[in-house]
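Since the structure of chain A is already known, use the hints to place chains B, C and D on it.
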Amino acid sequence: MKLIASAALAAAMSFVALGASADTLKVAFIDPLSGPMGPSGESGLKHFMFAAEELNADGGVNGAQVEVVGFDNKVNPKESLVQLQKAIDQGIRYVVQGNGSSVASALIDAIEKHNKRNPGEEVLFLNYAAVDPAFTNEKCSFWHFRFDSDADMKMEAVTDWVAAHPDIKSVYIIGQDYSFGKAVAAAAVRMLEVKAPEVKIVGNELHPLAKVKDFTPYVQKIINSGADAIITGNWGSDMVLLVKAAIDAGWDKPILTYYGGSTGAATAMGEAAVGKVKQVSEVVVNYPSSPEQEERIAKFEEKYPENNYYYHRAFNLMHFLDAAAEKAGSNDPVKVAFAMEGMEMDGAYGHLTMRKDNHQILQDLFVGTFSANPPRGVEGLPLGWMAEDKDHIAAAATSMETTCKMDRPEM
Amino acid sequence: METIVFSLLNGVIYGLLLFMLSSGLTLIFSMMGVLNFAHASFYMLGAYFAYTVTDATSYWFALIFAPILVGLVGAGVEKWGLRRVHANGHVAELLFTFGLAYLIDEVIKIVYGRNAVDYRVPEALDFPLFTLYGAQYPAYRIFMLFVAVAMLVALWVLLKRTRAGLIIQAALTHPHMVGHLGHNVPMIFMTVFGVGCALAGLAGVIGGNYLVTDPFMAAYMGPIVFVVVVIGGMGSLEGAFVASILLGLLQTFAVSVDASFADLFGWIGLSSATEVGRITIAQLAPMLPYLLLVLILFVRPRGLMGEREL
Amino acid sequence: MTNALEITDLRKSFGPAQIINGVNLTIPRGERHAVIGPNGAGKSTLFNLVSGLFAPTSGSVRLNGEEIGGMKPFLINRRGLSRSFQVSNIFAKMTVRENVRCGVLHSLGQGYSFWRNIGSQRDVQEKTSAVLEHCGLIDKANTPAALLPYADQRALEIAITIAGGAEVILLDEPTAGMSHSETDRAVALIEKATEGKTLIIVEHDMGVVFNLADRISVLVYGEIIATGTPEQIRNDPKVREAYLGEEVEDAA
Amino acid sequence: MTDMTQDYADLAPSASAKFYGRILPILLFALLVVVIPFLGPSRTMYSLLNVMAINIVFALSYNMLLGRCGLLSFGHAVYYGLGGYCAVHAMTWIEAGTSPFWANFPVFGLPLVGFAGGALAGAIIGWPSCRRAGTPFAMISLGVAELIAAAGFMFLSFFGGEMGVSGDRMNGPALFGLSMGPVEDVYWFMAFWVVAGLVGMYAFTRTPLGKLSEATRDNPQRVQFIGYDPTRVRYLVFIAAGAFAGMAGGMSAVNYEIFTPEAVSLIPSGFVLIMAYVGGIGYFVGPILGAVLLTFMQSMLSDYTEAWLLYLGVLFISIVMFAPGGLAGIVFGVAHTARNGETGAVLKRWGGQAAGILLALAGLIVLVEVSTRWSNGYGEIFEPFGLHLTFTNPLTWVLIVVPFAAGVAILRRLSREEDPA
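Protein sequences, first through last, are from chains A, B, C and D. So for the first sequence, this note's numbering puts the first residue at 1315; every next one is plus one. So for the second sequence, this note's numbering puts the first residue at 916; every next one is plus one. So for the third sequence, this note's numbering puts the first residue at 85; every next one is plus one. So for the fourth sequence, this note's numbering puts the first residue at 141; every next one is plus one.
Isolated chain A (complex conformation) (with noise of 0.2 Å):
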């Protein structure tokens, strides 16, 4: 024991002289690196050690070269803030995220605890995929920066897109029964009854997260509803079984999903997805954009040839920290808080604001389908995403009310 303990010093202390100096800003990647939801972060992880790459290419962050590193917090909530100690121990003072609310969740409470008793060594939390509406809601907090749009604001890209489509005269909703789901499954007949109104809900379903070995009985309940669309929140496992067995009992209709495009989720949907599964999202990479952008997707998608461009919003994200420190003139957290509040940008896809009032970033979104043959493909098949003109859906558009009353430090 006193050996692993003397181990576990040295360990500590090789962590201290590892500190942060002068001339590198670090951003601790906290993600789930291993199990189930490992390849989720490493995906991540790589837009972003790209995107640092990016940055540090142009000069870096006010003469910074910017480091991504890495840790693994397996999903966990408990375990996220064991590695966010070893990351504030580090001297690191901005964290990104973004699988799982409820890790995002814990940080933000967490980090706001810390920075009120740790002043001095504020802490920045940048989100980039953990969608729960209250995070920029009743939970919002100054030191929490939002780069996806939440789940209620891509439920009216979605509801628009329906509301669009008029052969679509009555929706099934199925999602996993958790707080996800319900507030999918909530903001869904919510916003139709308004845009909708016509639009019959034929079914709502909740199903256990991540147990459902075969979704045939559900299928079956859903065709024989005469539904004209299917709207799932579902991810990982529970959206794959879904849209195989909803394919598989003949279902020819869209299926319009959060995650159809996560990884792994191409492979084992197949062709016959193709034309019947939707994804909404910030990116649709065979969407004309700039050259700029082609090149980056292009050479990002060269350096790591097992993943795709898919976070479009991790280089948001790091351009608004790059932009927002050489505002404040100082990498120090709390000055570049206040000067992305209410920051603009013109992205690749559209003009991007982070909102002042609650942190949540607008930016343009896309329903995206799910074709063969696309100028680019995904996961080295000749499948993947395709939109159109009129599936973008413009930032404004997904604009919603907030609740949140955020308490600012003193600058």
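None of these hints come from the bench; they were simulated from the model. Among the hints, a few may not be true.
For lysine to aspartate or glutamate, the following DMTMM-like pairs were computed, each having C-alpha atoms within a straight-line distance of at most 25 Å [said to hold, decoys possible]: (1) A:1430 to A:1724; (2) A:1527 to B:1038; (3) D:158 to C:207; (4) A:1719 to A:1426; (5) A:1567 to B:1041; (6) A:1496 to B:1178; (7) B:994 to D:557; (8) A:1514 to A:1481; (9) A:1613 to A:1368; (10) A:1613 to A:1381; (11) A:1514 to B:1178; (12) A:1453 to A:1646; (13) A:1670 to A:1660; (14) A:1527 to B:1041; (15) A:1427 to D:308; (16) C:224 to C:268; (17) A:1617 to D:443; (18) A:1641 to A:1724; (19) C:281 to C:151; (20) A:1430 to D:235; (21) A:1430 to D:325; (22) A:1719 to D:308; (23) A:1483 to A:1702; (24) C:322 to C:115; (25) C:156 to D:369.
Quick look at chains B, C and D alone, frame taken from chain A:
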């Protein structure tokens, strides 16, 4: 009506897939007293091996060779691993297989990556066989049904009509006697473990492409297989069969019931405004096996058709 | 004075097999009673029925006048009946002292308490020492039970059985598998340990039986064919017939 | 025969033996716990130590079941989680301060709330579960764990859904001058409770029930014939184990200030099983060693290798196969041999074994590390000591096969020498 027909069909097919997994587990348990925690991992190995073999040759080769490969891996595990632990008792064996499940998962992730692999239904079977009440029925499902039934028949013939089967049957009811019959017990153990794993592998071959082949399919399927074996009665193949079909039907039927607890228990004053009242039967469907498991172990610890208590 | 044990028309069947077929037996207090019979006669089953391991199919078992048939073993034990086993049935990973101490606990009213330090219960320690000394195990008190030589394990088996101070003691083949000298030691121990108590013993060694027992019952095919003093049993023609003359002649 | 007036030999160990065997180790442990802050650990180290404290109590409580009562549970985290949830709810009540009781309840005492919650959960769930032992008990524990884990996402009011329930530990009356804010304050809280838990659970082994628990583990049948009901014994031990697990949950609630439904899932249940078993279930200190080592592996090893779960699996299987006594078994085995003076030959053999294990491990590590880098797609290359190892490099295969084969050969040879038959 259509709900009943579909639920029946789906329930039976799902049940048969469960039986493929649980029959191997039951065989191993009844011969060796080992509850193989890693059984679902062998199911996963079957799917991955089938993916590799299909890539190199064709699905039909995979259908035969992948289970054999899995069986060989299983036999190796028994020979070099489990046998060593045997002397330390059943808890040690259970823990060994628990660790093994961990290990197989991790190795699969390193060799095949963490994402799903592109193991798909062969084209010859990838078409809708018939349309029933507006929903298509995929041919592959019916193929699964056939493979499962063929395996069931083969297993039955093996057990009831061959000498090896007689020994196994003797071991089911009198586990301590086999050693006295002058048979090479370590050899029998290794074979049974291998065959049991091969059956799981076969389930992986036909289930992996229908569902998803990814490193988490074992953890997905694992607990439910135990439930089947315990409910059916440890060591009873008939019990495993009945329990598999029962669970398959129960789960598929429960999905189609929209009633909530408030509807069912409204008469004792459970309101739909409460948290419990809002839960529907369909929502609960995947949890039913575990409820049944706990219930069965209280009421009838031997399981439905088990001959002996543990 | 009531009898220590009264067994009336006791029957036990496993499926179609009748193992105990209407046994009647009365054992007065303080008697040393031996049950003999060929293998498979149902001696151990009889013990199991009396001690509560199995519930009788029908019939009654009374301990000090109180019906105990079908009761859980631990309830029977608390009423003052304790038994040993044919195969050593001890707490293998615990030391000899701990084994005996477990046997002592209930009789000293320790219950399932988790608020007392067992080490500071003086009466428990003293009684444990006393039993160990009686059984000649005091030198091995701190040896793990599994490491004891066979004869000592049998002695420990008896020590656990008598530790609770039960008034009725059932011993199931206490000398099985022992050498001559070990058997002599065991018999001496049994005599000493059961002084003033009611003893019922199943035993194959006829020397031990005829030495120790006040009365003997002969059990054949689940029925008692004879009960009497050693002398009566020795001369009973039915017993001779049942034993095909072999064992009784050997013993004589 | 029961002549109680006679003086019998006092078999209890002497006072000094008791001191060296029982009191001193605990004092040393407490001393270590007190000394650590003076070594000036970093905050990372503090938070790691705090997690270790939680895991030590949790693993010890698990061993009350597996090691001391022979009950293999796959669902022990249920009690840890439910206890922790009770504690974190209490924390929010302290923060709200609406009821006078909770307003005056110090956060320092929250592990007691966890203790009560764990005991209550154990009493309710244990009543049916403990009617069975052995494999059925293990299966019931698995089923219950699955049910509770699913309920964790269904019942929002208690479990708080995916985001769980969070609180703030800097409320309520401060005890011992600890504001509970900084991690150093939390360390003293942890130090107090880990020693309290350790003493409590050690004391439990010394009670009649603790002894009966061991007797039930060894031979439940015989327990019936000394006047006790093994089902009752198991049930009471189960409640006690649940209570201490709940206490660990309460410590965890204060440490993280949040509880999420993952806490009741199968993953922590499996983890605590591995902690206890790797440490050694046959020894009281075993789970402590296991908790320290595995906490360290979980939080630190994942920085160095993404295959840490694989190494964990290899470690666990090796312990099951070759050292069922766990780490504690190895340590005590070494100590025992050293004391008995048969050092020469034995040390040589152990030296050989250690060399064999290290060699085989080196080969395995090269294989695993090269493979993970090959498969994860970062395009990294395993470069230990400036070597450039890929699968196309023949040197890689040499470094995999040679040490592994040599290690296995040494081990086989040694085991043959040991056991010529």
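Hint-by-hint comparison with the structure:
1. A:1430 to A:1724: The hint holds at about 12 Å.
2. A:1527 to B:1038: 23 Å, holds
3. D:158 to C:207: 19 Å, holds
4. A:1719 to A:1426: With Cα atoms ~14 Å apart, residue 1719 of chain A and residue 1426 of chain A stay inside 25 Å; holds.
5. A:1567 to B:1041: 19 Å, holds
6. A:1496 to B:1178: 21 Å, holds
7. B:994 to D:557: 22 Å, holds
8. A:1514 to A:1481: 12 Å, holds
9. A:1613 to A:1368: 11 Å, holds
10. A:1613 to A:1381: Holds, at about 19 Å.
11. A:1514 to B:1178: Holds, at about 24 Å.
12. A:1453 to A:1646: OK: residue 1453 of chain A and residue 1646 of chain A at ~24 Å, within 25 Å.
13. A:1670 to A:1660: 17 Å, holds
14. A:1527 to B:1041: At roughly 20 Å apart (the allowed maximum being 25 Å), residue 1041 of chain B and residue 1527 of chain A satisfy the hint.
15. A:1427 to D:308: The hint holds at about 8 Å.
16. C:224 to C:268: 20 Å, holds
17. A:1617 to D:443: Distance of about 23 Å is within 25 Å: holds.
18. A:1641 to A:1724: 19 Å, holds
19. C:281 to C:151: 20 Å, holds
20. A:1430 to D:235: 16 Å, holds
21. A:1430 to D:325: 16 Å, holds
22. A:1719 to D:308: 19 Å, holds
23. A:1483 to A:1702: Distance of about 22 Å is within 25 Å: holds.
24. C:322 to C:115: Given that 25 Å is the threshold and the Cα spacing comes to 24 Å, the pair holds.
25. C:156 to D:369: 9 Å, holds
Checked against the numbered hints above, the structure breaks none of them.
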